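Residue numbers (this note's numbering), protein chains in the order written: chain A, 1 to 295; chain B, 1001 to 1295; chain C, 2001 to 2295; chain D, 3001 to 3295.
Hint data in this document are derived by calculation from the structure and do not stem from the laboratory. Just so we're clear, the structure is a prediction, and the values are computed from it rather than from any experiment. Think of the CB as a built atom: it goes at the ideal place given N, C-alpha and C, for glycine as much as any other residue. Any given hint could be a false lead.
Simulated DEER-style distance windows between Cβ atoms [as the list claims (entries may be wrong)]:
| hint | chain 1 | residue 1 | chain 2 | residue 2 | range |
| --- | --- | --- | --- | --- | --- |
| 1 | C | ALA2121 | B | ARG1074 | 34 to 42 Å |
| 2 | D | ASP3034 | C | LEU2149 | 29 to 37 Å |
| 3 | A | GLU283 | B | GLU1128 | 35 to 43 Å |
| 4 | D | GLY3228 | C | ALA2121 | 41 to 49 Å |
Example chain A residues on the side facing chain D (calculated, C-beta under 8 Å, incomplete) [what the hints assert, rightly or not]:
| hint | residue |
| --- | --- |
| 5 | THR84 |
| 6 | THR90 |
| 7 | GLY264 |
| 8 | TYR265 |
| 9 | GLY268 |
| 10 | ASP269 |
Covered stretches of chain C, as calculated for chain B (at least 3 residues, CB under 8 Å) [to be verified]:
| hint | segment |
| --- | --- |
| 11 | 2076-2088 |
| 12 | 2119-2131 |
| 13 | 2151-2164 |
| 14 | 2204-2211 |
| 15 | 2229-2239 |
Protein chains: 4
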Amino acid sequence: MSEVNFRGVFPYLVSPIHASGEVDGEVLARLCEDLIGAGVQGLTPLGSTGEFAYLSWAQRRRVVEVVVEAARGRVPVVAGVASTTIADATAQAREFERLGCSGILAILEAYFPLSDEGVFAYFRAIAEAVSLPVVLYTNPQFQRSDLSLPVIERLSRIPNIRYIKDASFNTGRLLSIINRVEGRLEVFAASAHVPVCVMMIGGVGWMAGPACVAPRQSVELYELCRRGDWAAAMERQRPLWNLNLAFAKYNLAACIKGGLQLQGYAVGDPLPPQAPLPPEGVEELRRALVAIGAL
Amino acid sequence: MSEVNFRGVFPYLVSPIHASGEVDGEVLARLCEDLIGAGVQGLTPLGSTGEFAYLSWAQRRRVVEVVVEAARGRVPVVAGVASTTIADATAQAREFERLGCSGILAILEAYFPLSDEGVFAYFRAIAEAVSLPVVLYTNPQFQRSDLSLPVIERLSRIPNIRYIKDASFNTGRLLSIINRVEGRLEVFAASAHVPVCVMMIGGVGWMAGPACVAPRQSVELYELCRRGDWAAAMERQRPLWNLNLAFAKYNLAACIKGGLQLQGYAVGDPLPPQAPLPPEGVEELRRALVAIGAL
Amino acid sequence: MSEVNFRGVFPYLVSPIHASGEVDGEVLARLCEDLIGAGVQGLTPLGSTGEFAYLSWAQRRRVVEVVVEAARGRVPVVAGVASTTIADATAQAREFERLGCSGILAILEAYFPLSDEGVFAYFRAIAEAVSLPVVLYTNPQFQRSDLSLPVIERLSRIPNIRYIKDASFNTGRLLSIINRVEGRLEVFAASAHVPVCVMMIGGVGWMAGPACVAPRQSVELYELCRRGDWAAAMERQRPLWNLNLAFAKYNLAACIKGGLQLQGYAVGDPLPPQAPLPPEGVEELRRALVAIGAL
Amino acid sequence: MSEVNFRGVFPYLVSPIHASGEVDGEVLARLCEDLIGAGVQGLTPLGSTGEFAYLSWAQRRRVVEVVVEAARGRVPVVAGVASTTIADATAQAREFERLGCSGILAILEAYFPLSDEGVFAYFRAIAEAVSLPVVLYTNPQFQRSDLSLPVIERLSRIPNIRYIKDASFNTGRLLSIINRVEGRLEVFAASAHVPVCVMMIGGVGWMAGPACVAPRQSVELYELCRRGDWAAAMERQRPLWNLNLAFAKYNLAACIKGGLQLQGYAVGDPLPPQAPLPPEGVEELRRALVAIGAL
């Protein structure tokens, strides 16, 4: 599986947690099954939408275990590793490899600002801890340390660092990265970018929460882009974008969990003190989902 | 001329100023002539690149006068009106109409934060002061007040507010605007967006400083986009983007003035205490211009 | 007058402007007279509260002329010079010296970011343009370029740069400045600092909008600090601070103009599109003024 | 012990960790012993300086255990509880009470923005989980959610929420809090405030990293403030402030660990990928410590 190239739509999975703190493996497995049935090319547990920042290590580990089992090798599972320390991040990554993941989504948490050298050391250590392909994750909105272009270039020279997922709003930055890494990294978009634009400038897919509630529509959009049928792609893109807009307005996890509940998945609410999606958000989401035929 | 639809490449012109404070009308007129010769679809004096924030009213007025005369009606001149007060902004706009401009680029300056109501009042007053089409200008990076989606929607219902130029990095925001205003406004990109992406999602052109030093290449790119030849467009876009990267790294006015000097225009440096483009910037720019055949 | 040391309470004056755009010299002169009567140690036209960023040069010049005439040499007038260019700033400063000001409050406006070298050049040029003492003005909240400690130290070695007015919220920064400039600059607080704290660490007074509506109370507080009667000073400070809180919540100019209207000065509203103080702000202000005996 | 009022100097302790990941209980206990010997009024493990954001739960628990044992009831131990979820935070707080702490320093971590309601719910839940006095911790620089004045007021009405430690730079905000909570909360300063200023406006002490390396000097300063000997206090404050300046310039944990190493405590470096204090930082620190007689 690790030879596979990651391509296409990788939904960020939510993490359904019982009030007791236990992971709800049943609903999570059913969601994975349905997403694979809808044609998604991969699964990404423990992204932002997966509330990695709100889960204990035991919960994180269990989420990955459930997803790997549910995927049964049909699509790659790329699990989020996130920490403030190298020691903890590499331990997480090794365990996820042992559990059967196909790739690692490497996320840096920071409390004090880090120098470029520290950022580089963190991601290199994760890559060296596993034999899996690594996806760099950069999210200037929620993280205290961002990956600069020079650090991205240095990291791109580490053999198993093969992808980057950029969650900024800055689509031009993706083209700058693509120009700079000369093919050593491939680029995934996130929900703040217009997927058609990212595919146009050379991206290979997107990792994003909204694909959880609109998997079929996302995959169709991806296929149109891949075939270079840009006019048809833009026709699909336009109404799909309203979904991303709704997501941007609310807490990501609250939104996707709210949307999945509308679709009949008992995934619960985000962990307290986060609030559930408010009624006006549910309404906005319902309209967006109905408009694209996802409800 | 005011019946014309604005479309295509509108370079942001620099403002060459003699040490005495006088506008250098000769070099500015020659630049306009050459840009028109290269096929640009319009001219925009007094954008950010034109150092509007550094010029006196007498200098601004003279810049516009020179550009209108140089254009001789061959392409529309869309002049930047910028102020903190309604009284001053409307006086500027009226005078630019009297001087023969084809449109107004409406820029809001602010010192104290403004409510949406104040933002709306400012732009409406400019639109009502003239009979020309108005381009809304939004630049979250340099301005203290940004135009929210609800304000943009309200402004789009004023008949002669017909365009918006968005200078954020957020290409998705452009699609949100396009979805929201339902054709009442047309969208121009700025240099922080990838032009091909903006054309793909429905934009009608770009207003940007880099077009001053790469007018022919910009116009060719625009024509490829307009014909829907996206693969060829992206081939052109990729090296052109390095030019935008260089511009983003330095003071915009210093960069464009530096680039024009490399091309033989004695436009001088930005007004003190702004610094001229440093030697490494000149070198970076030279390489970017040579790579696209603009030097 | 230029030999005088600036000390004590310098109210930031509002700029009353008729609907026609003319400065209301009568009400401004009466305000100056009353402030001097209340014991203030100086007058500062054209600070933030004076809406310098909203006035034309003709209006600014007239405001200063009125204030100098009204002061009749009884207290120093320290007028705000603010520009983006050295050429304009030095012209303003020279004219204010010619009009009879006792000092210059030097404010840097910027559109593009400036290097430390550019910041230094701007302030040095103003100091060299006049023979008056210069007050450096630093306001990280509203200005795009801030003065770093190294730049402040370099500027402190220019003979007629003698004071600094810091409008950050960071009182510790004032102590850092005081430690660093070793007496070459003296420090004035602004309305975001607690005056008693600034006096305690070595400040010599404050330049602030609230002193316009509470001049007598401000002067009493200053005298208690100067005598080292800190316990009594804190007793006065506590209710006075609620006034500063109210000011921080609303547009500064709207607040002070609103407060002065409550006190019977027909100073009008801030220039459109700025909004007048909303009703709840008027009420909050009224309560704060009544509580300290200023209404 | 829980009846005691917290007052005075509470050093934020560093967390010495062996390369194996084990807490170095010996050096930590010796540091506690020496700080108590120097007269500090309390000990606070697991603040920012204590790298709470970089430690596993097992490490955090062990740090607190060591400190409680070392204190032997002579001074109160106020341990930092920090989490993104209510479930985890309350579990931490209960365990720290069981271990014998005298108070809880309640820190909110967040990934997605939180509403005031969520912030309130988090701190209330911690207070209700224990019978100990709770210190609210607010640090706008490193945390994604800040405590607004209305939330602070609501929290101040919960009986065992008795203190607030504010780590902003905004000393005026402390006076606003003091005015607002009318004695229901008492205020501790952090290293970004000038302690003398905070004591002057009504604070009861400070919780700060620098006190770890300058305990005797900090306690002397506190005593002068408590006696109202402000002139002598300011004489001590001035050179002590340079220590805070040095700390603000570098990673807090790196600084305090670096300073303690200079004083002979083998506390090691901050956890990777954080960098140790660079040589110029060591030099700056050495000078600051020598100047106040702490080396």
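Structure-based check of all given hints:
1. ALA2121/C x ARG1074/B: 34 to 42 Å: With a Cβ separation near 41 Å, ALA2121/C and ARG1074/B satisfy 34 to 42 Å, so the hint holds.
2. ASP3034/D x LEU2149/C: 29 to 37 Å: For LEU2149/C against ASP3034/D, whose Cβ atoms are near 33 Å apart, the range 29 to 37 Å holds.
3. GLU283/A x GLU1128/B: 35 to 43 Å: holds, 36 Å
4. GLY3228/D x ALA2121/C: 41 to 49 Å: At 46 Å between Cβs, range holds.
5. THR84: This interface hint holds because 5 Å falls under the 8 Å limit.
6. THR90: Violated - the Cβ of THR90/A stays beyond 8 Å from chain D, reaching only about 10 Å at its closest.
7. GLY264: violated, 25 Å
8. TYR265: violated, 20 Å
9. GLY268: violated, 13 Å
10. ASP269: This interface hint is violated because 12 Å lies over the 8 Å limit.
11. 2076-2088: Our answer is that it holds, as 5 residues pass the Cβ test (under 8 Å) against chain B, meeting three.
12. 2119-2131: Answer holds; 4 residues pass the 8 Å Cβ test.
13. 2151-2164: n = 0 at 8 Å, threshold three: violated.
14. 2204-2211: It is violated: at least three residues are needed, and the segment 2204-2211 of chain C offers just 0 whose Cβ sits closer than 8 Å to chain B.
15. 2229-2239: violated (count 0)
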